[in-house]
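Asks: If you want the building blocks of each chain, they are given just below.
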Amino acid sequence: MHIIESGNVAAATGVKLARTEVIAAYPITPQTPLTEKLSELVDSGKMKAEYIPVESEHSALAVCIAASSAGSRTFTATSANGLLYMSEQIHWAAGARLPIVMCVVNRGIGAPWTVWNDHQDSISQRDTGWIQLYACDHQQIIDTVIQAFHIAETVRIPVMVCYDGYLLSHTYMPFEIPEQNAVDAFLPKFTPSYFLDPKNPANLNTVTLPDIRLDVRGNMAPGYMEIRHNLHSDMRRTISVVEEVDQKYQQAIGRGGNPLIEKYQCDDADFIAVCLGSLSYQLRDVVDTLRREGLKTGVAGIRLYRPFPDKTIASEFANAKGLIVFEKALSYGNQGALYADIKSALYRNDNRPFVHNYILGLGGREIKTLDLINAFRTSCTDFRKIGDDPQWIGLKL
Amino acid sequence: MSEKTTILTLPEEELVHPGNRACAGCGLSIIYRIGLKALGRDTILVVPPSCLTVLQGLYPIASTQLPCLNVTFASTAAAATGVLGALRAQGREKTTVAAWAGDGGTSDIGIQALSGACERGENFIFICYDNEAYMNTGVQRSGTTPQGVITTTTPIRGKLQKKKEVPAIIAAHGIDYVATASAAYPLDLYDKIKKAKTISGPKYLHVHCPCPAGWGFDPRYTVKIGKLAVETGLYDIYEIEKGKFQLTGPSQKLDNKKRKPVSDYFKTQSRFRALSKERIQEIQQSIDEKWEGYQKN
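So the sequences go chain by chain: A and B. Residue numbering for the first sequence follows my numbering, beginning at 14 and increasing consecutively. Residue numbering for the second sequence follows my numbering, beginning at 281 and increasing consecutively.
Looking at chain A on its own, in the form it has when it is part of the complex:
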C-alpha cells in the first residue's frame, strides 16, 4: 500500500509491522511525532504492545534493556541531548548483547540549544558497540526499521536507525507499506536463547574479572576482555549479515539492493561525493549538474556506518580519482569522523584517491545546492588547492 506521510510515521509503521512488544520513550524534538504515533497505535488497540511513558531517556533505554533481557522485542527513539542522556545505557545495551532497535532522529547538540538537524548526536555514539544504519528517505526509514530487528536479533547487537530531523522526520513523502504477512515471513518471532526466567536463574551483567575464571562446573568462563573481543568480532561479522538480511528482505518484500552503500552514478565516476543520510539526494542534483559540465561525478550514501564497511569502500572506490566527504558532524580539533574513516579504509590500497572534507549544515544551517556545486567542482578541478583540513560550507564569518 502506498501512502504519503512523514518520516516519523514511516518509522512508527515499521515498528508496528515488526510486532514490537515493549516500547519506551521520552519526548524530544524532532522525535516526538514518532512516539506520539506509537502511543496512539497502542492506545487505540491497533498495535498489541506495552507502551511505557518513562520519565527520562536514561529510563527509556533502561526499560528496553530490561524488557529485552526478559525476552521481549523492544524499541525506543530519541534525538540529540536525549541520546546523550542515554549514553551510559547505550554502552550497557551493547555490552549486554541486547537486540534493541532505536531510531535516532538526528539533531544538533547543545550548547547553545538547537533543535535543527545535523549528525553530531549519533556520530558521537559511534564507538558504543551499536550497529548504525542511516536512512536517506522515507521508504528507507520503514524498510530499515523492519530490517534492523532482524539484524539485531541475528547478531545480538543493538541497532540505531538514524534519519535526519525535520528534513525526513517532518516532511511528507510517498512510500510503500509492506504487507503484514510478508513482514511476518521475513521477521520471525524473537526467541532468545536465554532470558530472565525463575525456572532457569542466572545473574546477568555481573562484575567480571580482568582474567578468565572457572565456573562451578569446572568450565572456563571468559573475562571482560574476551567478552569485548566477541562483541568486536560479531560486529565485523555483521557486515555480511546486513547484506544477507537485505537479500532476504528483497525476496520477501521486493525492495533493497544497496545494503552497505547507496550509490548514484558511481560506476564510471572519477570523483565521488560521500555522505550520510538525506544529503545524498541533494548531491544527486549536484552530480547531474556537474556531469552536464563534463565532470564524471557520483554520490555514495553510506547506509551502514558501524560496523564500517571499510573493505567494500576500499575496493569499490579503488579506481576513483577523488572522494569528497560532505559531513554534518566533526571530531572537534581534528576532522570529520566519516572523513577519517574513509581515509583509513583507503589506506590499504596502493593507489589511493585524494580525499577532501567539507563540513556543512551544522545546527540546521541551510545547505544550498549552488554551494555544493561550487565546492564539489573545486575539488574536481583544482584539487591541489584543498588540503587535509576540513573546509566549511556556508560559514558566514
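If you're looking for bench data, these hints aren't it; they were derived computationally from the structure. Hints are not guaranteed to be accurate.
Computed footprint of chain A on chain B, listed as stretches where at least three residues anywhere in the stretch have a Cβ under 8 Å from a Cβ of chain A [unchecked claim]:
| id | stretch |
| --- | --- |
| 1 | 321-328 |
| 2 | 347-355 |
| 3 | 365-375 |
| 4 | 394-403 |
| 5 | 491-498 |
Computed list of lysine to aspartate or glutamate pairs in EDC-like fashion (alpha-carbon distance at most 16 Å, straight line) [what the hints assert, rightly or not]:
| id | chain 1 | residue 1 | chain 2 | residue 2 |
| --- | --- | --- | --- | --- |
| 6 | B | K570 | B | D498 |
| 7 | A | K212 | B | E511 |
| 8 | B | K374 | A | D280 |
| 9 | A | K212 | B | E373 |
Some chain B residues judged to face chain A by a derived CB distance under 7 Å, without partners named [stated by the list, open to error]:
| id | residue |
| --- | --- |
| 10 | P340 |
| 11 | A342 |
| 12 | A358 |
| 13 | A554 |
| 14 | S566 |
| 15 | I567 |
| 16 | W571 |
| 17 | G573 |
Backbone N, C-alpha and C define an ideal beta-carbon position, used for all residues, glycine too.
Knowing the structure of chain A, use the given hints to seat chain B on it.
Replies: Same frame as chain A, but now just chain B:
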C-alpha cells in the same frame, strides 16, 4: 498479616548459597537471606551497583538462586519497569519483580527513576537497604547519612545536613504500601515483604542496615546496634498503608518511658565521634519532640 512469622515457621529453603562475598557482620546479608525467602523462587531481581552486586558474586559464580538483572546505578526502578513490561507482553504476570538497591542508589542517583515508576504505578517491590553511606565505594556520605556522621567525604566535622526521609518522599506519590524495617528484626521484614506481595502497584520497603566496616563497630554487634537505633527512637519501624501511618513491631511497643537515650546508640559507633555533647542534646530534643508527636496522634 494475621499471623506473625516466627523462626519456627520461617521457610527452611535457602535461596542464597553459603559462602557469599559479604563482610563479616553485614546487615545486608541478614535481610537478603530472609528477604529472598519471603520473595520466593518465582521472582526476578533488579540490582544496581551496590554492596549487593558484590555479595551476589563475581562472574561466573553467583550466590543467588534467583534470576537477577544487574543494571546501571540510576536505572533500577526503570529497569524493573522494563522487566514488568516484558512479563505482561508474555503473559508471565505472576512472577514477582523486586528491585533491591542501596541508600545511594535509592535516595540519590536512583530517585528519579524510582519516582517515575511510583507515579506510573508499576507493580513491583522496591527494597532499599539503608546502611547510611556509599559503603561499596568506601564510606562516602549519601542523602541518607544522618547528621553528624563521619564519612570519607565528611571527614572532620561530620555530615552537616539532615538524613533524607525517603519513605516520606515515596509515600507522597500516593502508593498503597510504604514500610520501614531493620536488619535487627528480620522476621518483621519477612512479614512485610509477604504483605507487599499481596498488594498491587508499587511497594516500597526501607530497611535500616548496620554496617560494621562503615559505622565503626565490632561485627558481632550488628543486631544489637540495629535494635538500639529503634530502641532510642532514632530509626522508626512503621507502615504507611493507603496513606495511613502506623508504627509497627518494636517501634509500636516503644513509649517515652521505654525509650533509651540517643547517646546509648551514638557511643557504640566510631562514626559519631565528631558529635559534641551539645549536639547530642539537640538531637535528643528533636527525637523527644518527634515521639511526642507520635503519641498525640
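Asks: Now look at each hint and say whether the structure bears it out.
Replies: Here is how each hint holds up against the structure:
1. Proximity of the stretch 321-328 of chain B to chain A, defined as three or more residues with a beta carbon under 8 Å from a beta carbon of that chain, is established by the 5 residues found.
2. Counting residues of the stretch 347-355 of chain B whose CB lies closer than 8 Å to any CB of chain A gives 8, so the stated coverage by that chain holds, three being the minimum.
3. For the stretch 365-375 of chain B, the assignment as covered by chain A holds, since 7 residues bring a beta-carbon within under 8 Å of that chain's beta-carbons and 3 suffice.
4. A stretch counts as covered by a chain when three or more of its residues have a beta carbon under 8 Å from one of that chain; for the stretch 394-403 of chain B and chain A the count is 4, and the coverage holds.
5. Figure legend: the stretch 491-498 of chain B, annotated as covered by chain A; annotation inconsistent (0 residues with Cβ-Cβ distances under 8 Å, at least 3 required).
6. Proposed proximity of K570 of chain B and D498 of chain B is contradicted: the alpha carbons are some 30 Å apart, above 16 Å.
7. For the suggested pair K212 of chain A and E511 of chain B, the alpha carbons sit about 42 Å apart, so the restraint of at most 16 Å is broken.
8. The hinted pair formed by K374 of chain B and D280 of chain A fails the criterion: a straight-line CA distance of about 60 Å is larger than 16 Å.
9. Of the supplied pair hints, the one linking K212 of chain A and E373 of chain B holds, its CA atoms being roughly 15 Å apart against a limit of 16 Å.
10. For P340 of chain B, the suggested interface contact is upheld, since its CB lies about 4 Å from the closest CB of chain A, less than 7 Å.
11. The restraint placing A342 of chain B at the interface with chain A holds, with a minimum CB-CB distance near 4 Å, inside the 7 Å limit.
12. Proximity of A358 of chain B to chain A holds as hinted, the smallest CB-CB distance being about 3 Å (cut-off 7 Å).
13. A cut of 7 Å between beta carbons decides the hint on A554 of chain B: the least distance to chain A is about 34 Å, and the hint is violated.
14. The closest approach between the C-beta of S566 of chain B and any C-beta of chain A is roughly 34 Å, which is over the 7 Å cut-off, so the hint fails.
15. At a threshold of 7 Å, the smallest CB-CB gap from I567 of chain B to chain A is about 35 Å, leaving the interface hint violated.
16. For W571 of chain B, the interface hint is violated, since its Cβ never comes within 7 Å of a Cβ in chain A; the closest pair sits about 36 Å apart.
17. With a cut of 7 Å, the hint placing G573 of chain B at the interface with chain A is violated, because the nearest CB-to-CB distance is about 33 Å.
The structure fails to meet hints 5, 6, 7, 8, 13, 14, 15, 16, 17 from the earlier list, while all remaining hints are met.
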